[in-house]
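Construct the complete structure from the given sequences, taking the supplied hints into account.
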Amino acid sequence: MADGLLGRRGPLQAGERVLLVDGRQRRYLVELQAGKAFHTHAGWVDHDAIIGQLPGSEVRGSAGRRFLVLRPTLGDVVLKMPRGAQVIYPKDLGAILLAADVGPGMRVLEAGVGSGALSMALLRAGAEVVGYELRADFAEVAKRNVATWLGEAPYRVELRDVGEGIDGGPYDRVVLDLPEPWRVVPHAVEALAPGGILLAYLPTIGQTAQLREAMEVHGFVLCETAEVLRRTWHIEGRSIRPDHRMVAHTGFLTSGRKGPAREEPAEP
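Quick note: the sequence shown uses our numbering, first residue 21, plus one each step.
Among these hints, one or two may not hold up.
For each label pair, taking beta carbons as the anchor points, the in silico distance ranges come out as [to be verified]:
1) 93 with 172: 14 to 22 Å
2) 172 with 258: 47 to 55 Å
3) 244 with 62: 47 to 55 Å
These are calculated hints, taken from the structure and not from any lab test. We put the beta carbon where it would ideally sit given N, CA and C, even for glycine.
Listed below in C-alpha cells is the structure:
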C-alpha cells in the first residue's frame, strides 16, 4: 500500500489507513478491513460503511454518532502508529527536513531509527534511506510502520552500532537520533559526500554542547543548533487566546556541513 508515498486519490479502499474524527475532534487511526468494525466506548463503525466512500465523507456509528472520514496525514500517522521507541514529533520532523535539506534522490544514513517516524519523513521527501539500529525490536517496528504507510520504499535497516563505523558511502546526509552522536562524528566525516550535512536530534543541551565540540574538532562548518516550539490558538467567536497546552521543548536540532579536508583534526 503506497498511499503515503504516492498520494492516493479516489474512494477509500480496504487495506488502507483512515482517520476517523468524531464531533469532539477526537481522532482515531483505523486500518480498513472488509467485514470488520471499529469499536469505541459509544458503539462501533462498520468498516464496510467506510470502504468505497470518498475522503471527507461522514459515516454513522451504531449509536448514531457521526464520524468524519479522511485519509491521514503523515503527522497523524506518526502520533498514532505502533511505537517501539519515543517518536520525533511532527513539529520537529518538518524542521529536520529543512535543516538537513533532504530532497529527492539523496542518499541518507539514519542512525537510531526507533519507531520509523523520521524514516517515513525522509522517504516521503524522496530520499533513499539506510538505517542503523542497535535493537532488533525497534528495527522491526520501524520496518512495519514504513511498509504499512509507504509500501515498497528505498529503505533498509541494519542491526549495527553506527559508533563503530559507516559503510556504503558516500551519503548526502547523515541524520542521527541517538544518545551519543559525538561518537559518530569522525565516521560521518568519512561517509559524507563533500559539502554533505550532518544533523542530530538530542533532548538535552549538555549532549548538544558535547556534539558541537566534536563537530568543531572534525571540521564541520556552518553549524547551528535550534529548537522548535509550537503553540496553537483557541479561536471561537470572540474567544481568542493561546491554547492552555502547547508542545514546547522536545529536542535540540543541530546541523553542520562537511568542511574542507584536514590533515589532522583541529585541537579542541
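Quick rundown of the hints versus the structure:
1. Checking the proposed 14 to 22 Å range against residue 93 and residue 172 shows it holds: the Cβ atoms sit about 21 Å from each other.
2. Roughly 51 Å separates the CB atoms of residue 172 and residue 258, a value that falls within the hinted 47 to 55 Å.
3. Distance hint for residue 244 and residue 62: a CB-CB separation of about 48 Å, consistent with the stated range 47 to 55 Å.
Of the hints listed earlier, there is not a single one the structure fails to meet.
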